[in-house]
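Novice: Sequences are here, hints too, so could you generate the full structure?
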Amino acid sequence: EPEVTQTPSHQVTQMGQEVILRCVPISNHLYFYWYRQILGQKVEFLVSFYNNEISEKSEIFDDQFSVERPDGSNFTLKIRSTKLEDSAMYFCASSEFEGLAGTNYEQYFGPGTRLTVT
Amino acid sequence: RKEVEQDPGPFNVPEGATVAFNCTYSNSASQSFFWYRQDCRKEPKLLMSVYSSGNEDGRFTAQLNRASQYISLLIRDSKLSDSATYLCVVVSNFGNEKLTFGTGTRLTIIP
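Here the protein sequences come in this chain order: D and P.
In terms of my numbering, the first sequence opens at residue 1 and continues consecutively.
In terms of my numbering, the second sequence opens at residue 1 and continues consecutively.
Treat the hints with care, since some could be wrong.
[Stated by the list, open to error] No more than 16 angstroms apart at the CA atoms, straight line, and that leaves these computed lysine to aspartate or glutamate pairs for EDC-like:
1) P:K45 / D:E1
2) D:K42 / P:E56
3) P:K2 / D:D62
4) P:K45 / D:E3
5) D:K42 / P:D7
6) P:K42 / D:E18
7) D:K42 / P:E5
8) D:K57 / P:E97
9) D:K42 / P:D82
[Claimed, not checked] Simulated DEER-style distance windows between Cβ atoms:
10) P:K42 / D:Q17: 22 to 30 angstroms
11) P:Q31 / D:P8: 33 to 41 angstroms
12) D:E53 / P:T18: 45 to 53 angstroms
[Unchecked claim] Sample of chain P residues with no beta-carbon within 10 angstroms of chain D, all distances over it, derived:
13) A20
14) N27
15) S28
16) A29
17) R66
18) K79
19) K98
20) G104
Hints in this document: simulated from the structure, not taken from any laboratory.
Glycine included, every Cβ here is placed at the ideal spot set by N, Cα and C.
Specialist: Right under this line is the structure:
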């Protein structure tokens, strides 16, 4: 069964450092997402990406965040200057959108990257 | 008012019992509704979509009441493996847009 993969599984970084979280979505999927979950809190949407551009982003996704699909398989989330409050689990997700006629919103999540900022 | 609201629990239920979770959402224009489950420190996994007519998948039944902006999940004959956090999830827009999650309801099935 195809699955979303993410690397690394755990990333420890110092405050102010840049981090890049990597994701390989399911190969025939067209929409890509990043979510985060701070320990003990709910899953929060960060950004959605389609056709090589951001389609929607949340208030959390400020200028410190960026996303990229550098090749045909990877989807990355970059945090330029990490803060303590960026410590969270970051989930990548992908979906195959069938359009209004056959709406399919099922998003498949990767196992997550636990980011710890010290 | 929170976009998606759930009773956080925890629910501690004996094996074999029936348990029901409820969820309310604030945006009356919401289009799609789901229940996901999340095991401790794992990713959310889709359990089932929720349709206006109600739908059933084995021991799981989901209902949607658009007038009351209310979603429910019923688990019958609960198993130990049902222990998890159950997440109510809403999509507000047509198109493949963001999932809005509730805080989740933690369920523990007791042997």
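Novice: Does each hint fit the structure? Answer for all of them.
Specialist: Hint check:
no.	hint	verdict
1	P:K45 / D:E1	holds (14 angstroms)
2	D:K42 / P:E56	violated (26 angstroms)
3	P:K2 / D:D62	violated (22 angstroms)
4	P:K45 / D:E3	holds (12 angstroms)
5	D:K42 / P:D7	holds (13 angstroms)
6	P:K42 / D:E18	violated (25 angstroms)
7	D:K42 / P:E5	holds (11 angstroms)
8	D:K57 / P:E97	holds (10 angstroms)
9	D:K42 / P:D82	violated (20 angstroms)
10	P:K42 / D:Q17: 22 to 30 angstroms	holds (27 angstroms)
11	P:Q31 / D:P8: 33 to 41 angstroms	holds (35 angstroms)
12	D:E53 / P:T18: 45 to 53 angstroms	holds (47 angstroms)
13	A20	holds (21 angstroms)
14	N27	holds (14 angstroms)
15	S28	holds (18 angstroms)
16	A29	holds (15 angstroms)
17	R66	holds (16 angstroms)
18	K79	holds (22 angstroms)
19	K98	violated (4 angstroms)
20	G104	violated (7 angstroms)
Going down the numbered hints, you'll see the structure goes against 2, 3, 6, 9, 19 and 20, while the others check out.
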